[in-house]
Amino acid sequence: MVFTQRGFTLIEISIVLIIIGLLLGGVLKGQEMINDAKIRNIEQDMAGIAAAIHTYQDRYKALPGDDKRAAGRWAAASDGDGDGLLEGDFDSATETDESRIMWRHLRYAGLLQGDPAQSGQPRHAAGGLFGVQGKSGGLLLCARPLTKKFAEIIDAHQDDGQPDKGAIRVFAATGAIDFSAPLTSYDSDESTAYSLCKIL
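Residue numbers (my numbering): 536 to 735.
It is worth saying that the hints were derived from the structure and are not from the lab.
Certain hints may be false.
[As the list claims (entries may be wrong)] With a Cα cut of at most 25 Å, we get these calculated DSS-like pairs of lysine-lysine: (1) K683 to K700; (2) K700 to K596; (3) K670 to K564; (4) K670 to K700; (5) K573 to K596; (6) K596 to K683; (7) K596 to K684; (8) K700 to K564; (9) K603 to K683; (10) K700 to K603.
[Said to hold, decoys possible] Using C-beta positions, here's what the derived DEER-type ranges look like: (11) W609 to D724: 19 to 29 Å; (12) T629 to L552: 17 to 27 Å; (13) D713 to L557: 18 to 28 Å; (14) G607 to A586: 34 to 44 Å; (15) R575 to K596: 46 to 56 Å.
From the three backbone atoms N, C-alpha and C, an ideal C-beta is built for every residue, glycine too.
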């Protein structure tokens, strides 16, 4: 008895390769859609936080976190010192820093969701944190860490696409944010993480 070996035909191999290509294309497109949704979510959250801060200032004539009359409005609230500056780092872990108290003030006022007894910073869609830090003459609303791709796209959508100019500034993803020293360019390494800050 003679057995003949039958292999795949060129047509069968072509069909399999087309199917694999379609699957890979669908997965990559799906990942791109997920990333686009995360970027839109971060942009919307930043706009919402900025609006909450401005609404608080309009309503109470004080900066949230720095408000020295907050305990008179909400018994469990902590007062700020009322000097017109928001003290404390963007990612401060000190509960008494005004940059942490600010989140409680916004929650007590009903301008942000969450338990007002908690001063924790809100998380953004890419898994990091939002934070606010004072600077001379204003505030920085920051998101950290963000990938190069996310930072570049948000900077281009919201501003001029230059990390050291305009209303959006980009900094290293670690350490304190020094407003006078933004990055001058994005690193060519896609794995580099960034802090993206919007001047309010």
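Hints versus structure:
1. K683 to K700: holds, 17 Å
2. K700 to K596: violated, 30 Å
3. K670 to K564: Measuring from Cα to Cα gives roughly 40 Å; hence the hint is violated.
4. K670 to K700: holds, 16 Å
5. K573 to K596: violated, 33 Å
6. K596 to K683: Between K596 and K683 the Cα gap is close to 37 Å, so the pair fails against 25 Å, i.e. violated.
7. K596 to K684: Given pair K596, K684 is violated - Cα atoms ~38 Å apart, limit 25 Å.
8. K700 to K564: violated, 32 Å
9. K603 to K683: Violated - the C-alpha atoms of K683 and K603 are around 39 Å apart, more than 25 Å.
10. K700 to K603: violated, 34 Å
11. W609 to D724: 19 to 29 Å: Given about 46 Å between the Cβ atoms, the range is violated.
12. T629 to L552: 17 to 27 Å: Since the Cβ atoms of T629 and L552 sit about 58 Å apart, the hinted range of 17 to 27 Å is violated.
13. D713 to L557: 18 to 28 Å: Given a distance of about 49 Å, which is not inside 18 to 28 Å, the answer is violated.
14. G607 to A586: 34 to 44 Å: violated, 24 Å
15. R575 to K596: 46 to 56 Å: violated, 33 Å
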